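Chemist: Let the hints inform the model, and build the full structure from the sequences given.
Residue numbers (the working numbering), protein chains in the order written: chain A, 1 to 440; chain B, 1 to 689.
Please keep in mind that the hints were generated in silico from the structure rather than gathered at the bench. The model shown is predicted, which means the values in this text are computed figures rather than measured ones. Honestly, I wouldn't trust all of these hints.
Claimed, not checked - The calculated DSSO-like cross-link candidates involving lysine-lysine, where the alpha carbons are at most 30 Å apart (straight line), are: (1) B:Lys155 to A:Lys307; (2) B:Lys435 to B:Lys453; (3) A:Lys253 to A:Lys172; (4) B:Lys98 to A:Lys359; (5) B:Lys151 to A:Lys359; (6) B:Lys662 to B:Lys678; (7) B:Lys28 to A:Lys223; (8) B:Lys675 to A:Lys172; (9) B:Lys374 to A:Lys80; (10) A:Lys136 to B:Lys662.
Stated by the list, open to error - Estimated spans, in silico, between C-beta atoms of each pair: (11) A:Thr251 to B:Lys656: 20 to 30 Å; (12) B:Lys355 to A:Thr242: 48 to 58 Å; (13) B:Asp467 to A:Gln435: 16 to 26 Å; (14) B:Lys675 to A:Ser397: 48 to 58 Å.
Using N, Cα and C, we set each Cβ at its ideal position, and we do this for glycine too.
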Amino acid sequence: MNLKPLYAILTFLTMAAMNAQEVPYEEYDLDNGLHVILHQDNRAPVVTTSVMYHVGAKDENPEKTGFAHFFEHLLFEGTKNIERGEWFKIVSSNGGQNNANTTQDRTYYYEVFPSNNLELGLWLESERLMHPIINKIGVDTQSEVVQEERRMRYDNAPYGRWREQMFISLFKKHPYRWQTIGSLEHLASASLDDFKNFNTKYYIPNNAVLVVAGDIDIDKTKKMIEDYFGPIPKGEDIQRSTFIEDPITSTIKTKYHDSNIQIPAIFMGYRTPAQTERDAYVLDMISTYLSDGKSSKLYKKLVDEKKKALQVFAFNGSQEDYGAYVVGALPVGETSLDDIKTEIDAEIVKLQSEPITEKDYQKLQNKFENLFVNSNSSVSGIANSLARYYMLYDDTSLINNEIDIYRTITREEITVVANKYLKPSQRVELEYLPQEATEN
Amino acid sequence: MKKYYITLVFGIIALNLQAQIDRTQIPKPGPAPQINLQEPQHFELKNGLKVLVVENHKLPRVSIQLLIDNPPILEGDKAGVSSLEASLLGNGSKTIPKDDFNEEVDFLGARIRFGSQSAFASSLSKYFPRILELMADAAINPNFTEVEFDKEKQKLLTALKAQEKDVSAIASRVQRALAYGASHPYGEFTTEETINNVSLLDVVQFYEDYFVPANAYLVIIGDVEFDSVQKLVEEHFTPWVKAVPPSFQFSRPSNAQYTQINFVDVPNAVQSEVSVESLVDLTMKNEDYLHVLMANRILGGGAQGRLFLNLREDKAYTYHSYSSIGNDKYAPATFKATAQVRNMVTDSTVVEILKELDKIIKEPVTDDELKDAKAKYVGNFVLALEKPETIARYALNIETEDLPKDYYKTYLERINAISKEDVQKAAQKYMTIDKARVVVTGKGSEVIENLEKITFNNKRVPVKYYDKYAKGSEKPNYEVSVPEGLTAQNVLEKYIEAIGGTDKLMGVESYSLRAEAEMQGMKLNLEVKKTSKNQFMQDLKVMGNSMSKQVVDGNKGYMVMQGQRKDLGEEELKKAKEESAPFPELNLLNTDVVLEGIEVIDGKKAYKIKISNEKTSFYDIETGLKVQDAVSIETQGQQMNTIFNYSDYQEVSGIKFPFLLKQTMGPQKFEFIVKEIKVNEGVSDVDFE
Chain A
1 MNLKPLYAIL TFLTMAAMNA QEVPYEEYDL DNGLHVILHQ DNRAPVVTTS VMYHVGAKDE
61 NPEKTGFAHF FEHLLFEGTK NIERGEWFKI VSSNGGQNNA NTTQDRTYYY EVFPSNNLEL
121 GLWLESERLM HPIINKIGVD TQSEVVQEER RMRYDNAPYG RWREQMFISL FKKHPYRWQT
181 IGSLEHLASA SLDDFKNFNT KYYIPNNAVL VVAGDIDIDK TKKMIEDYFG PIPKGEDIQR
241 STFIEDPITS TIKTKYHDSN IQIPAIFMGY RTPAQTERDA YVLDMISTYL SDGKSSKLYK
301 KLVDEKKKAL QVFAFNGSQE DYGAYVVGAL PVGETSLDDI KTEIDAEIVK LQSEPITEKD
361 YQKLQNKFEN LFVNSNSSVS GIANSLARYY MLYDDTSLIN NEIDIYRTIT REEITVVANK
421 YLKPSQRVEL EYLPQEATEN
Chain B
1 MKKYYITLVF GIIALNLQAQ IDRTQIPKPG PAPQINLQEP QHFELKNGLK VLVVENHKLP
61 RVSIQLLIDN PPILEGDKAG VSSLEASLLG NGSKTIPKDD FNEEVDFLGA RIRFGSQSAF
121 ASSLSKYFPR ILELMADAAI NPNFTEVEFD KEKQKLLTAL KAQEKDVSAI ASRVQRALAY
181 GASHPYGEFT TEETINNVSL LDVVQFYEDY FVPANAYLVI IGDVEFDSVQ KLVEEHFTPW
241 VKAVPPSFQF SRPSNAQYTQ INFVDVPNAV QSEVSVESLV DLTMKNEDYL HVLMANRILG
301 GGAQGRLFLN LREDKAYTYH SYSSIGNDKY APATFKATAQ VRNMVTDSTV VEILKELDKI
361 IKEPVTDDEL KDAKAKYVGN FVLALEKPET IARYALNIET EDLPKDYYKT YLERINAISK
421 EDVQKAAQKY MTIDKARVVV TGKGSEVIEN LEKITFNNKR VPVKYYDKYA KGSEKPNYEV
481 SVPEGLTAQN VLEKYIEAIG GTDKLMGVES YSLRAEAEMQ GMKLNLEVKK TSKNQFMQDL
541 KVMGNSMSKQ VVDGNKGYMV MQGQRKDLGE EELKKAKEES APFPELNLLN TDVVLEGIEV
601 IDGKKAYKIK ISNEKTSFYD IETGLKVQDA VSIETQGQQM NTIFNYSDYQ EVSGIKFPFL
661 LKQTMGPQKF EFIVKEIKVN EGVSDVDFE
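Modeler: Set out below in structure tokens:
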């Protein structure tokens with residue numbers, strides 16, 4: 001038998017695969033405070049250039065909500081060297097793709113190009129940071145576009161406002177109480193100076209991280225970065241306020257009527273700690289345990305066995321200062337929302353009273369390993385993760401190590417965390433109802 | 001000497017640094033990167049299953065995809081049978097019970113999903129052999145049971161109900177049904193009735209007819225070795241019995257005979273879904289396939305498309321507007337230009353889309369547009385190489401669409417060879433302005449009037465009406481008739497009852513109200529005081545300064561506007577007095593005000609009562625509460641309309657008051673939020689001096 005060499009080859013392949021998983025990167029600061037992270041992967045002729053700014057909806061003045069997201073639109077309007085309306089054209093006429101998104105914590109811009117256009121990507125992002133044009137025509141146009149975005153995503157979409165309704169009740173002091181889309185009235189009444197001031201305050205190199213990932217040459221890339229971003233002046237240090245929420249001590253009950261739906265839904269939301277806290281990772285596992293996959297506790301019980309719910313969902317929205325763990329369901333037929341609530345509570349109580357089984361625990365570990373492998377599958381995804389771990393977790397190495405945190409979470413810890421955060425008295429119960437229950 | 005030399009070197013470096021970049025110029029691309037098109041390995045089983053394998057060891061994972069490329073299937077009066085079949089697949093197998101199956105897949109951190117003629121699985125590569133085995137078993141030996149069938153049927157019915165008012169769901173159903181006809185496989189749709197016609201036996205029959213290997217492809221991508229894949233696939237898929245699906249012919253659907261608007265009324269819509277659509281005979285094999293893709297790209301293929309630039313960037317009607325063109329080897333595909341827009345601009349959107357369509361057919365595109373569109377296709381082609389799925393997709397297309405073997409090797413060349421003439425010819429051949437169907441799904445009461453006025457190329461565009469299931473219908477009538485015998489008095493009485501009843505209201509000698517609004521960052525404070533003795537005071541302050549004040553005390557009164565005081569004339573005083581009563585409706589009970597009909601206010605039906613020539617009030621049919629006052633005043637030949645909306649009624653001293661007052665005056669909108677209401681306290685004669 002010729003077993004031995006085969007075994008050796010297999011081991012070698014496994015090793016290669018393990019190494020392939022590790023995301024190599026290097027990071028440094030420019031003199032103006034811009035943090036730079038480089039990741040080289042020459043397997044496909046593709047490069048991503050991206051910049052994450054540490055500004056999101058939570059940095060907004062309560063009287064001027066929606067600014068961070070509005071900026072995401074505004075900063076495509078043009079710069080000193082890029083005429084209005086040219087941005088998208090330059091990107092696509094060079095075979096690239098680009099987009100941007102805003103959360104409560106940060107704003108992210110990126111381009112993906114064939115790798116021979118790396119310099120173009122750097123130029124675009126440095127222009128945006130160095131001297132964007134903020135004028136009336138741009139503000140007016142984007143303001144209408146944002147209004148349509150709100151109508152499409154929130155007002156016309158079935159269940160489009162559950163998040164907004166949930167967060168109003170979950171947060172009383174913290175800016176997480178409003179959504180990134182913000183208030184249309186605030187935006188409509190904002191002056192041009194308001195926008196310019198926002199730009200001066202937050203869009204500065206010392207509040208940003210630049211990531212270049214993909215088919216690059218490290219030395220040449222560093223030189224280009226210095227050329228394009230080096231001359232941008234450093235901005236004033238940003239003073240940020242901290243907002244501490246009082247604990248929720250008795251259940252908050254609330255209702256919302258949506259004209260776009262026919263089937264009611266129940267959402268139960270719990271306020272959870274900052275995403276960097278170990279407990280937040282534990283809650284991720286709890287969320288998966290309860291509702292991810294057909295054999296998860298809630299799906300199996302409510303959808304499969306008792307046929308009370310059309311759909312169950314749980315999600316653990318991690319954020320920089322606080323998170324929200326939301327669990328809920330859509331009832332089938334005559335099932336009442338209270339009935340569903342009782343069923344969900346029973347599962348949570350089980351979780352609080354005894355450790356999950358050894359088998360369920362191993363299943364969770366397998367799931368998180370699978371997620372981890374898939375999270376680094378594209379170069380643009382890696383770029384986004386590098387920026388996020390640096391900016392919001394203050395630890396870039398999590399891109400390779402985060403899985404270790406999940407690996408060390410114990411069954412007992414899951415019980416402790418379920419007790420700490422998931423009491424009925426700590427939650428918001430949102431009944432999300434059809435506008436006219438009796439029509440048709 | 002040495003010193004100078006150093007300075008000189010520095011000088012050159014500095015100069016170099018300066019000259020290195022010129023921000024005012026767009027950086028030029030470097031030399032084109034090398035393109036490497038890997039080819040998948042493949043083999044075929046005796047039962048007809050064709051297998052493609054793409055080895056990619058970047059990550060320790062693997063995906064498995066099973067596709068059955070059958071011709072379209074008409075489900076007819078059993079529409080929904082394919083969805084039910086899909087949801088019953090993957091529930092274990094004849095030998096593995098459902099719970100064990102799900103538990104094992106979940107335990108391995110893997111996924112397995114089924115479509116009606118497809119399956120997909122993904123897992124870490126170390127679990128590949130088991131996942132492949134589970135997927136094959138579930139696909140070949142499905143576990144169809146009556147219990148699961150009843151459950152899935154119930155879920156499907158509930159899901160259908162959930163979509164009943166979903167504007168996008170309604171729009172997409174009607175768009176397809178009108179384009180193909182409801183009895184074509186691509187136009188038919190599922191209803192409660194057709195679902196109830198389906199039995200478990202029908203599902204089994206559907207599976208046996210169509211889930212067969214004749215047209216099946218299995219695509220495996222990832223961290224695997226070809227040889228072991230081949231062995232495993234042969235082992236697990238050989239039991240799949242060879243069979244060919246039944247095949248039927250369908251009459252070819254055709255375009256509308258002339259350009260027309262097809263309107264579907266969805267009263268809860270806050271945006272209209274506009275789709276200009278037509279059918280195209282297009283397959284990837286057509287010689288001008290890439291040409292028409294280019295035309296579509298320029299018209300509406302992305303954020304640089306003419307539709308996006310016109311409707312979003314220029315006019316801000318919408319968040320986005322795109323066009324798309326499909327390809328299909330079995331039946332006509334669809335061309336579509338779409339936008340979701342606010343109700344007000346629905347008609348303008350239709351006109352703009354038609355204009356753009358007309359233009360791309362009649363005029364050649366510009367050199368720049370073509371150059372940019374080509375660059376985008378080249379870029380997309382290069383970027384797609386990052387994904388191993390791309391290689392599999394290309395190989396699959398060559399096979400299923402009957403393309404030349406070198407189709408993707410020559411792709412970039414063929415893109416670059418396309419001329420402006422090619423693009424225009426393709427637009428003329430595949431797009432139509434004479435036989436376009438414009439499907440508008442939206443709120444009829446706000447958009448129909450203007451839609452009916454649309455003319456294009458000097459011709460009126462006719463509007464035809466359809467219901468939510470694409471059946472022709474009458475033009476919706478928004479004038480709802482008032483129940484027989486109901487009078488204005490009844491409506492007013494119901495209102496008075498709803499807010500507290502005559503006795504309670506009569507007991508009010510005075511009340512005061514404080515409310516706040518915001519305008520361009522400034523605080524507006526409104527204070528109103530009323531008594532039963534014809535006393536009335538209203539003061540509006542901006543940032544603490546009085547902007548307008550009105551006072552009525554019995555038979556005299558005055559107003560102050562921005563510091564200018566003016567006594568009220570006889571006519572003005574009379575009007576002011578009408579409004580000064582704490583509850584004007586009490587005084588209307590024995591007058592001859594007229595109930596004019598029913599209208600929809602903020603999505604709800606309300607009785608309309610004409611109070612005077614200037615004022616009309618609306619009362620909710622269900623709650624009886626007043627929801628709106630519409631006041632129209634003519635000053636210097638100009639009609640000024642002001643709308644007051646009342647909502648958020650809350651009880652104070654046993655009487656319901658609206659706590660949200662919205663005032664709309666032309667383009668101006670104020671939302672006053674009531675902060676305090678006091679009844680029978682805090683008001684004295686001094687307030688009206």
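Chemist: Does each hint hold? Answer for all of them.
Modeler: Going through the hints against the structure:
1. B:Lys155 to A:Lys307: 9 Å, holds
2. B:Lys435 to B:Lys453: 19 Å, holds
3. A:Lys253 to A:Lys172: 14 Å, holds
4. B:Lys98 to A:Lys359: Holds: B:Lys98 and A:Lys359 sit about 18 Å apart, inside 30 Å.
5. B:Lys151 to A:Lys359: Holds. B:Lys151 to A:Lys359 sits at ~28 Å (cutoff 30 Å).
6. B:Lys662 to B:Lys678: Given pair B:Lys662, B:Lys678 holds - Cα atoms ~20 Å apart, limit 30 Å.
7. B:Lys28 to A:Lys223: 16 Å, holds
8. B:Lys675 to A:Lys172: 19 Å, holds
9. B:Lys374 to A:Lys80: 28 Å, holds
10. A:Lys136 to B:Lys662: 28 Å, holds
11. A:Thr251 to B:Lys656: 20 to 30 Å: Roughly 28 Å apart at Cβ, these two residues keep to the hinted range, so it holds.
12. B:Lys355 to A:Thr242: 48 to 58 Å: Given about 54 Å between the Cβ atoms, the range holds.
13. B:Asp467 to A:Gln435: 16 to 26 Å: 21 Å Cβ-Cβ, so the 16 to 26 Å window holds.
14. B:Lys675 to A:Ser397: 48 to 58 Å: 52 Å, holds
The structure shown violates none of the earlier numbered hints.
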